[in-house]
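If you read the sequences in order, they're chains H and L.
For the first sequence, our numbering gives the first residue as 1362, with consecutive numbering after it.
For the second sequence, our numbering gives the first residue as 1205, with consecutive numbering after it.
Any given hint might turn out to be false.
Facing chain H, a subset of chain L residues (Cβ under 10 Å, in silico) [stated by the list, open to error]:
{"id": "1", "residue": "Asp-1332"}
{"id": "2", "residue": "Gly-1334"}
{"id": "3", "residue": "Glu-1335"}
{"id": "4", "residue": "Ile-1486"}
{"id": "5", "residue": "Gly-1500"}
{"id": "6", "residue": "Gly-1519"}
{"id": "7", "residue": "Glu-1561"}
{"id": "8", "residue": "Val-1576"}
{"id": "9", "residue": "Gln-1578"}
Hint data in this document are derived by calculation from the structure and do not stem from the laboratory.
From the three backbone atoms N, C-alpha and C, an ideal C-beta is built for every residue, glycine too.
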Amino acid sequence: MRIPLHKIAHARSGDKGDASNIGLIAYDERHYKILEREVTAARVQEHFGNMVKGDVVRYELPNLGALNFLLYEALGGGGTLSLRVDAQGKTMGAGLLSMEVEAAESELQ
Amino acid sequence: MIRIANGQGFWGDWLEAPVRLVEQGPLDYLTLDYLAEITMSIVQKQKQADPNMGYARDFPPLIGRIAKMLKERQVKVIANAGGVNPIACAREVRRLAPSLKVAVVLGDDVYDKLDALLAKGHEMKSMDTGEPLTTIRDQIQSANAYIGAFPLAEALATGADVVITGRSTDTALALAPMVHEYGWKADDFDKLAAGTIAGHIIECGAQSTGGNCQAHWKTIPDFANIGYPIVEAEPDGTFAVTKHKGTGGRVSLDTVKEQLLYELGDPRNYITPDCIADFTSIQLRQEGEDRVRVTGIKGRPATTTAKLSISYLHGYKAIGSLVYSWPDALYKAQVADRIVRERLAQLGLTFDEIYTEYLGVNACHGPAAPAVEQIPEVQLRVGVRGPDKKAVDRFTRELIPLVLNGPPTATGFGDGRPPVREVVAYWPALVPKDLIQTRVEVVE
């Protein structure tokens, strides 16, 4: 079945220069494997489309049931250069939570 | 066990937070993090205008306000409030709180040494773009090395009640008291990494105690009286994250995890002047209400380089907005945007960037935003950035005329034309670590 990420995960985002950092965290650590399988760097890139001019890199933190994404060239120059209202990418984490992922019902128990 | 709190996540954070931390429960060390990357350029400008300024001006009055309590309760303060003028900051603290002993850590400011460094062949290439520093030499506003925990611990060893630094790392503020109290050495990598991660958890103030937390945020109690974070650090490098009893907010696995991932790069390589911390080694356990135990942290030796935080002028920018209402709110705003761009082109004005957003539609999440059918209103937000101040200033006159000479129902122009702002950009660079020499001074 397809479910939106916000059903199983929360997120916080911030900036590292012109890169947006998104931490994606499973509410229940048993659901980490769904995040690891479904939320690939390529899917995050596709989700944000033309907002991300550079690469998306993913890091895994299984000990926290979490993934960390760096979305390069995603903040309009970053910091003080950016003309975006969300110059520091504070809302990008929430934006990721609308992504739909595939999960078997047995995995969601 | 020692209790280390953070009462200020940035310059501009809640003024009551540090006062309440000292007032509302037991505490040994109060840390205050005032410096963001671009703050150094702001304080540098203030120092150029007045040689007695150039530091976080909120800090001395705060210490004046809580001086008596600090003495009574034996709470020490560590703050990177010194900006580019820690001595002036310390003197003002002494004036407002004469009973306190104040020590400063100097040596982070390398602004006056840049030409000597360049002459010796240190290129100080941007860690972001790889360009050499010479390309922006004339535009540089400030240059500071990030200082680690050991010089701060040395300052605590003088018996100071208040330690003031310039550009120390945020995490060093919390690690320093652990190094000082427990005598941790430069090669105690696991412990240094643990203290660094403790610092990372509390450096953004209430962001680890329920502030800006997405997990179950509607159930987080009493935001108005939110408690700021406290680390209870043990000599073996383990620690608990908590907050004072009776305060608002929450300390849970969710709130701590969100902060752990905040502004994180490669989790295995969190590099500070003190060590490299491995975030994949962290083990968390909810130990009680509003109490998370942190164990298992591993660290590795620090790198041989020091990171510089350099700020430089990068032209000008202005951002203006208008609001359009139903019907066809978005279409009207799109037409208005085209008109502005056409008029700027007719004037022959060019910019590094012209950027348009539609607030209320998709400004935050772009293509990831949910589709909207009919919107009651939208805010058109247009920004320009470029090297020519006159061009940016001319742009600021191009939005308000649309109220009368563009699509109907434009409003929201009450603040007049937007200000032209100088853009100060950030240039991170590396130099060999031994070029940075710190020293501690007690200010009488």
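Exercise. Sort out which numbered hints this structure fails and list those numbers smallest first.
Key: 2, 3, 8 and 9
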